[in-house]
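Novice: Here's the letter readout for the chains.
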Amino acid sequence: MATTTTTPVATADTASSSSFVWRYRYWLLLIVVPLLLIAAGKAGLISNFQFLQLSLMIVYAIAVLGLILLTGFNGQISLGHGAFFAVGAYTAAILIDQAGWPFWATLPAAALMCFIVGYLFGLPALRLEGHYLALATFALAVAVPQILKYRHIEPLTHGVMGINVFKSDPPFGLPLSTDQWMFLVVVAIAALMFWVARNLLDSRTGRALIAIRDHSMAASTMGVNVSHYKAAMFGISALYTGVAGALHGIIFEFVAPDSFRFELSIAILVGAVVGGIASLWGAVIGGIFVQVIEKYADAATKAISSAVHLPLELEPWLIYGIALIILMYTMPMGIAGGVAALLRRMKRS
Amino acid sequence: MRVHKLMLAGAGALAIALTANPVSAQKKYDDGASDTEIRIGNTNPYSGPASAYGQIGKAIEAYFKMVNDKGGINGRKVNFITYDDGYAPPKTVEMVRKLVEQDQVLFIFQTLGTPSNTAIHKYMNGKKVPQLFVATGASVWGKPQEFPWTMGWQPDYQTEGVIYAKHILANVKDAKIAVLMQNDDYGRDYFNGFKKGLGKDADKIVQVATYEVADPTVDSQIIALKNSGANAFFNITTPKFAAQAIKKAHEIGWKPAHYLNNVSSSVGAVMKPAGFEAGQGILTASYIKDPTDSQWDKDADMVAWNAFMDKYYPGGDKKSTFPAYAYAVSSTMAEVLKRAGDNLTRENVMKQAASLKGVEIPLLLPGIKINTSATDFYPIQSVRLARFKGETFELFGDILSGESE
Amino acid sequence: MEQLIQQTAAGLANGAIYALLALALVMIFVSTDHINFAQGEMAMFSAYLTWQFIQWGANFWIALPLVMVLSFAIGVGIERSILRPLHNAPVLSVVVVFIGLLTIFHALAGGIWTHTIKAVPSPFPQVSFPGSGYIGAHQLGMIVVTIVMLFALFAFFRLTPLGLAMRAAAQNPASARLAGISVDWMLALGWGLAAAVGAVAGSMVAPAVYLEPNMMASILLYGFAGALVGGISSPGGAVAGGFIVGVLENLIAYFGNVIERATGLYIVGNGEKLTVALIIVITVLTLKPNGLFGHVTVKRV
Numbered sequence: 000m001a002t003t004t005t006t007p008v009a010t011a012d013t014a015s016s017s018s019f020v021w022r023y024r025y026w027l028l029l030i031v032v033p034l035l036l037i038a039a040g041k042a043g044l045i046s047n048f049q050f051l052q053l054s055l056m057i058v059y060a061i062a063v064l065g066l067i068l069l070t071g072f073n074g075q076i077s078l079g080h081g082a083f084f085a086v087g088a089y090t091a092a093i094l095i096d097q098a099g100w101p102f103w104a105t106l107p108a109a110a111l112m113c114f115i116v117g118y119l120f121g122l123p124a125l126r127l128e129g130h131y132l133a134l135a136t137f138a139l140a141v142a143v144p145q146i147l148k149y150r151h152i153e154p155l156t157h158g159v160m161g162i163n164v165f166k167s168d169p170p171f172g173l174p175l176s177t178d179q180w181m182f183l184v185v186v187a188i189a190a191l192m193f194w195v196a197r198n199l200l201d202s203r204t205g206r207a208l209i210a211i212r213d214h215s216m217a218a219s220t221m222g223v224n225v226s227h228y229k230a231a232m233f234g235i236s237a238l239y240t241g242v243a244g245a246l247h248g249i250i251f252e253f254v255a256p257d258s259f260r261f262e263l264s265i266a267i268l269v270g271a272v273v274g275g276i277a278s279l280w281g282a283v284i285g286g287i288f289v290q291v292i293e294k295y296a297d298a299a300t301k302a303i304s305s306a307v308h309l310p311l312e313l314e315p316w317l318i319y320g321i322a323l324i325i326l327m328y329t330m331p332m333g334i335a336g337g338v339a340a341l342l343r344r345m346k347r348s
Numbered sequence: 000m001r002v003h004k005l006m007l008a009g010a011g012a013l014a015i016a017l018t019a020n021p022v023s024a025q026k027k028y029d030d031g032a033s034d035t036e037i038r039i040g041n042t043n044p045y046s047g048p049a050s051a052y053g054q055i056g057k058a059i060e061a062y063f064k065m066v067n068d069k070g071g072i073n074g075r076k077v078n079f080i081t082y083d084d085g086y087a088p089p090k091t092v093e094m095v096r097k098l099v100e101q102d103q104v105l106f107i108f109q110t111l112g113t114p115s116n117t118a119i120h121k122y123m124n125g126k127k128v129p130q131l132f133v134a135t136g137a138s139v140w141g142k143p144q145e146f147p148w149t150m151g152w153q154p155d156y157q158t159e160g161v162i163y164a165k166h167i168l169a170n171v172k173d174a175k176i177a178v179l180m181q182n183d184d185y186g187r188d189y190f191n192g193f194k195k196g197l198g199k200d201a202d203k204i205v206q207v208a209t210y211e212v213a214d215p216t217v218d219s220q221i222i223a224l225k226n227s228g229a230n231a232f233f234n235i236t237t238p239k240f241a242a243q244a245i246k247k248a249h250e251i252g253w254k255p256a257h258y259l260n261n262v263s264s265s266v267g268a269v270m271k272p273a274g275f276e277a278g279q280g281i282l283t284a285s286y287i288k289d290p291t292d293s294q295w296d297k298d299a300d301m302v303a304w305n306a307f308m309d310k311y312y313p314g315g316d317k318k319s320t321f322p323a324y325a326y327a328v329s330s331t332m333a334e335v336l337k338r339a340g341d342n343l344t345r346e347n348v349m350k351q352a353a354s355l356k357g358v359e360i361p362l363l364l365p366g367i368k369i370n371t372s373a374t375d376f377y378p379i380q381s382v383r384l385a386r387f388k389g390e391t392f393e394l395f396g397d398i399l400s401g402e403s404e
Numbered sequence: 000m001e002q003l004i005q006q007t008a009a010g011l012a013n014g015a016i017y018a019l020l021a022l023a024l025v026m027i028f029v030s031t032d033h034i035n036f037a038q039g040e041m042a043m044f045s046a047y048l049t050w051q052f053i054q055w056g057a058n059f060w061i062a063l064p065l066v067m068v069l070s071f072a073i074g075v076g077i078e079r080s081i082l083r084p085l086h087n088a089p090v091l092s093v094v095v096v097f098i099g100l101l102t103i104f105h106a107l108a109g110g111i112w113t114h115t116i117k118a119v120p121s122p123f124p125q126v127s128f129p130g131s132g133y134i135g136a137h138q139l140g141m142i143v144v145t146i147v148m149l150f151a152l153f154a155f156f157r158l159t160p161l162g163l164a165m166r167a168a169a170q171n172p173a174s175a176r177l178a179g180i181s182v183d184w185m186l187a188l189g190w191g192l193a194a195a196v197g198a199v200a201g202s203m204v205a206p207a208v209y210l211e212p213n214m215m216a217s218i219l220l221y222g223f224a225g226a227l228v229g230g231i232s233s234p235g236g237a238v239a240g241g242f243i244v245g246v247l248e249n250l251i252a253y254f255g256n257v258i259e260r261a262t263g264l265y266i267v268g269n270g271e272k273l274t275v276a277l278i279i280v281i282t283v284l285t286l287k288p289n290g291l292f293g294h295v296t297v298k299r300v
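Sequences listed follow chains W, B and Y, in order.
0 is the number of the first residue of the first sequence in numbering that gives the first Met the number 0; add one for each residue after it.
0 is the number of the first residue of the second sequence in numbering that gives the first Met the number 0; add one for each residue after it.
0 is the number of the first residue of the third sequence in numbering that gives the first Met the number 0; add one for each residue after it.
Chain W on its own, in the form it takes in the complex:
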């Protein structure tokens, strides 16, 4: 940091140590906060069920990040990311079920598998734009649960019955519950993946990706190999969402075609747009939104129904729909975009 060079010698020591803290503040937060949470869990302040919910928020944040990389930073629309989520989950589940792999080893395998599937899907999708790409990806989301039931791969997927996954207890005799252990695993993986995503976007590659989003044709005349970048981006995006899927399958210890219907793809898309499509923070907010909104919609509906006597029965999704519209009204760039705009305005005034 520039400050260290101009600091007087006498205070150099303290300054450099504080700048060390400052420099690695995010990493320190990432270590301190989860440990505090675990400590709170040990003290009985956070239940295992709440750890499950925290883990799920982070898992959905990774899934949403995958879509944000593709849509927010590369301009390709996908209505079908639930498909990659499912591929990741099934890759992990099959490796655990059939080959007896430990769960952590299945994560890189799921990542690789989803990258390949995403890349291969991205190649023909190159010729499709806008609505056509939306259809192709939507079709993928609808088709995947059916493909999982395909007769000739049933020995692997167990068809409609799904796969029971057995995950191991915390290793080294760590005094943690399974939910606490999985929470730590999920935090570590999410930290790694967000870090990689940020560096990717800051690199030359990242600038090329954004150039493609903003001016596809102009980028290609400037020597950017548009089709290579786009297909690779599809692969990377699928990789992210696929790892989230694998974690999801492992957390729930069960995968079935019914777990990955196209509603999941819609949830990921909504999470990305509501969170903020062109921001990494958007992924975090989106993940929380995906995990929390449905339950609060349900609870809010119940509260309203019991408070006011309405002539018709309220359904939980009614509130969800209204919430979406209001959010898009007030913050068309998502919550991350809305907050950023608010901060800018506050700074100016």
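Errors might be hidden in some of the hints.
[To be verified] Each pair of labels, with its calculated beta carbon distance range:
| no. | chain 1 | residue 1 | chain 2 | residue 2 | range |
| --- | --- | --- | --- | --- | --- |
| 1 | B | N124 | W | R203 | 53 to 61 Å |
| 2 | W | P169 | Y | K287 | 49 to 57 Å |
| 3 | Y | D32 | W | L199 | 40 to 48 Å |
| 4 | W | A306 | B | F275 | 55 to 63 Å |
| 5 | W | S219 | Y | L163 | 48 to 56 Å |
Calculated from the structure, these hints are not laboratory results.
Predicted model only: the values in this text are computed from it and were never measured.
Ideal Cβ placement from N, Cα and C applies to all residues, glycine included.
Use these hints to put chains B and Y onto chain W, whose structure you have.
Specialist: Then chains B and Y, alone, in the frame of chain W:
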């Protein structure tokens, strides 16, 4: 956290011991039960592709409201907590964990759907929390040795499949059989039972067609089945598709011996929409009285059910069999709790559920009773065959049961 | 052979369902450049309105125009109240608003009319006619209605001043404004027309597939595919696309079955017909990105 709880429990036990009086000593409670309340947990698909089943959850909720209005069970109010799982297994797991760990229910009752129940099966048995009377006819719920905390309720699909197979072999000459089935666990279970019932005659199945829940119609499948030249037809479909299949078969003039699975044996939700003319002669197996069947109009159970619907679930559909099913299964649950008395531990609830001997439950067909034991976790195992004539299903023959292994 | 004809006829009947919905999607697309994901649920809601009027004693052919007018008003209302303020919002925000609308209509229908299936009587006389062994009266009726709708819309856009104004507003809003056309109202009109076409689609579909809140959820994908394969900017293309998708799907299952019978090898069946149909549709689109009957658009940097 565990230590914490133990200490509390220890302190509580001490306090109870100090102030012990003979009455409270006999009362035993687990999480979710107290002197005033019994908490029951449930998930149901109030949204999503299976939302038609959501009214089962709503009717159960209404049933317990009625029970509470009448003074509760052994003086305790029932607190029935139900959440939407959208028919998605991960969401079922999440909601059931919330019910068990956060809401601290005494047990889980009537979770709906085979994939959903499969997803929580291991959890419930690991936690030793009863998973009672699950709403699915799969045959995996009656295995007390492996899964002592899980129990089904309705006759399982395999048994029913066996019964139809035997009836075809005995009654249809030179049977050539066509099967239409939903491409999921439910369809598969019926089909497996059916094949088992046919035994060595399984090659009499000349054509099988499947459909997806997302298909708009099954017209194409019915055409293919007709063209296979089949003279017997096993129809494994849910109400909407059953009505479509019956109507389409009639339209294209296909008249096989038609066996309709119990899932769709409702007059109001299937036969009427399909058209009574199209449904003449269709065979089905049933165990519950159909509210739209005029032969039960003056039946005491049905009168009571109608009064219940009017007062506690006025928004419910009286033409559907789902609220009737909900009423019967809730009655079974209430009976078990009544027998558990003041000993409301999970173990005792499970024990009571597993010792029902010839219990009569409202709305079950005459002669069909509930039987369970420590080794028999299939409460209802009997059905009666019925043939559609005029505007109702006419029962015929004896009470049939097939033991499922 | 007989089965082949029957399967094709059944495919055409399903195709009519997709085509009607595709037509509604095109109406909004040509006037606003958006694909309305809530179109299916709006059509389903209109179908419930039709059912309700019939329940109250109206004849189908009286109920349908009433519901078309009502749906038109609902469509215009949604555009004016909900979408107007979002004219400058990013596309994805609009997509999320459509998803919001979709869930609202779905939840409203479930709340008002419950989730139990309801039968809507077919408005066509159940008489036998030459070829009635191959196709039902209602199915034939649906196909006829689809084609009539297509011609009516064609005539509206080509021959009436209002139709011409709508096309002008969509293709070149700036010049249209100069010519004194209220572009804003034209957008609302597009929504209203789409909702009215959707009302016909829903009310025609309901007797064939039975009415329930999930009725249009799966049909939307087919309608979407049909509209795109035919060319989303052309009503004729969308209708043709709908029929193509309907027939394709049945023939895939049919030939899969023929192959299985001949060789004993299972390749595709009813479980995979949607997947295979979509693969074919997407392949066509990669070769002809504007659809079979769509116009080529030139892009500028």
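Novice: So, against the hints stated earlier in the document, which numbers end up violated here?
Specialist: 3, 4 and 5
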